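*Asks:* Top line first, the protein sequences correspond to chains A and B.
Going by my numbering, the residue at position 18 of the first sequence is 18; the numbering climbs one at a time, nothing skipped.
Going by my numbering, the residue at position 41 of the second sequence is 41; the numbering climbs one at a time, nothing skipped.
Source of the hints: derived by calculation from the structure; they are not laboratory data.
Note that the structure is predicted; figures quoted are calculated from it, not measured.
Check before you lean on any hint, since a few could be wrong.
To be verified - Think about it this way: if two alpha-carbon atoms lie no more than 25 Å apart in a straight line, the pair counts; the simulated BS3-like pairs of lysine-lysine are:
#1 Lys3/B to Lys81/A
#2 Lys33/B to Lys77/A
#3 Lys137/A to Lys3/B
What the hints assert, rightly or not - Which chain B residues stay away from chain A? Per the calculated CB distances, all over 10 Å, these:
#4 Ile2
#5 Ile21
#6 Asp24
#7 Asn25
#8 Asp31
#9 Ser37
#10 Asp38
#11 Asn40
#12 Trp43
#13 Gln44
#14 Asn49
#15 Gly50
#16 Ser69
#17 Gly70
The beta carbon of each residue, even a glycine, is placed where N, CA and C say it ideally should be.
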Amino acid sequence: MSANISTNVSMNLSTSTPVEIAIQAADFSLADEVALLEQDNLTDGAVVTFTGRVRNQNNGNSVSSLTLEHYPGMTEKALAKIIIQARERWNIGRVKVIHRIGELHIGEQIVFVGVTSKHRHDAFAANEFIMDYLKVKAPFWKKERITLGKNTEGIAEGENSSDTNTREEWLDAKDSDNNKAQTWS
Amino acid sequence: MIKIVFFAALREQLDCSELSISTDNIKTVADVKQQLSDKNAHWQQVLNNGSLLSAVNHDMVDVSHAVMSGDEVAFFPPVTGG
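Let the hints inform the model, and build the full structure from the sequences given.
*Replies:* This is how it looks when you write it as structure tokens:
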């Protein structure tokens, strides 16, 4: 996989509110991102952050790693549109969205959404909205490397017969993610 | 010409990440899909999947959306980021 693809899109929707979207293979620092959201920002009393990480289990399978693919160009455009929609609905200050691509292992950070606002309600709601819409509108796809242990009933049947083996599978989209996004419309 | 790109499981199933087609007889995304399906039985089977999403010039659209020369048309499975 491409190790060093990094795209940074900075745009000013209004002069006082820089929006940043980053699609990158590299990890990010939560502390650094919070510092950037707070730096020279004396108007916003609320800072809400969400960090998504790689789980060790999914649908009953043991996950050893993920590979994240995206659609360069459309990804940035889709995220920018989601942030514009959030700004139309809530009174928010700074927004930062980071999404990692490439191969990621258990416990690693995948996604970051940070939102600031004068009062907490706007930042809480906008942060959840951005994540919910990212899940169904931003062109990312996860491929899981699943470990099939010898105790794995049912799942290990079929093409593989050794005691422990792995296979790669594209993740299926979840109805629950679609339903959650629809609660905002 | 129209540039067509495929992603994720769809790219692997078709063993193709991009190709170009001429604009002859192409008015909509559905026309593009039909022309690709006419390639052979495998492409027809893979593309005949109601859950596939499409985009024109980086905006998600439905299959009735217009397509013109110079456009980039993308087909991909439902997204699973985050």
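*Asks:* Each hint should be assessed against the structure and marked as holding or not.
*Replies:* Okay, the hints, checked on the actual structure:
1. For the hint pairing Lys3/B with Lys81/A, the CA-to-CA distance comes to about 23 Å; that is within 25 Å, so the pair holds.
2. Simply put, Lys33/B and Lys77/A have alpha-carbon atoms about 24 Å apart, close enough for the 25 Å limit, and the pair holds.
3. Of the pairs offered as hints, the one joining Lys137/A and Lys3/B holds, with about 22 Å between alpha carbons and a cut-off of 25 Å not exceeded.
4. Every beta carbon of chain A lies more than 10 Å from that of Ile2/B, the smallest distance being close to 16 Å; the non-interface claim holds.
5. In this structure Ile21/B is separated from chain A by more than 10 Å, as the shortest Cβ-Cβ distance comes to about 19 Å.
6. Distance to chain A confirms Asp24/B as a non-interface residue, since its nearest Cβ pair spans about 26 Å, more than 10 Å.
7. The beta carbon of Asn25/B is kept farther than 10 Å from every beta carbon of chain A, the shortest such distance being approximately 26 Å.
8. Distance check for Asp31/B against chain A: the nearest CB is about 21 Å away, which clears 10 Å, and the non-interface claim stands.
9. In this structure Ser37/B is separated from chain A by more than 10 Å, as the shortest Cβ-Cβ distance comes to about 21 Å.
10. Residue placement check: Asp38/B keeps its beta carbon more than 10 Å from all beta carbons of chain A (closest about 25 Å).
11. The Cβ of Asn40/B sits about 23 Å from the closest Cβ of chain A, beyond the 10 Å cut-off, so the non-interface label holds.
12. At roughly 19 Å from the closest C-beta of chain A, the C-beta of Trp43/B stays outside 10 Å, upholding its exclusion from the interface.
13. A cut-off of 10 Å between C-beta atoms confirms that Gln44/B is not in contact with chain A; the least separation is 21 Å.
14. For Asn49/B, the non-interface assignment is confirmed: its Cβ lies about 12 Å from the closest Cβ of chain A, beyond the 10 Å cut-off.
15. Against chain A, the non-interface label of Gly50/B holds: every CB pair exceeds 10 Å, the least being about 13 Å.
16. Every Cβ of chain A is farther than 10 Å from the Cβ of Ser69/B; the closest lies at roughly 19 Å, confirming the non-interface assignment.
17. Non-interface call for Gly70/B relative to chain A: holds, since the shortest CB-CB distance, roughly 15 Å, exceeds 10 Å.
Checked against the numbered hints listed earlier, the structure breaks none of them; every hint is satisfied.
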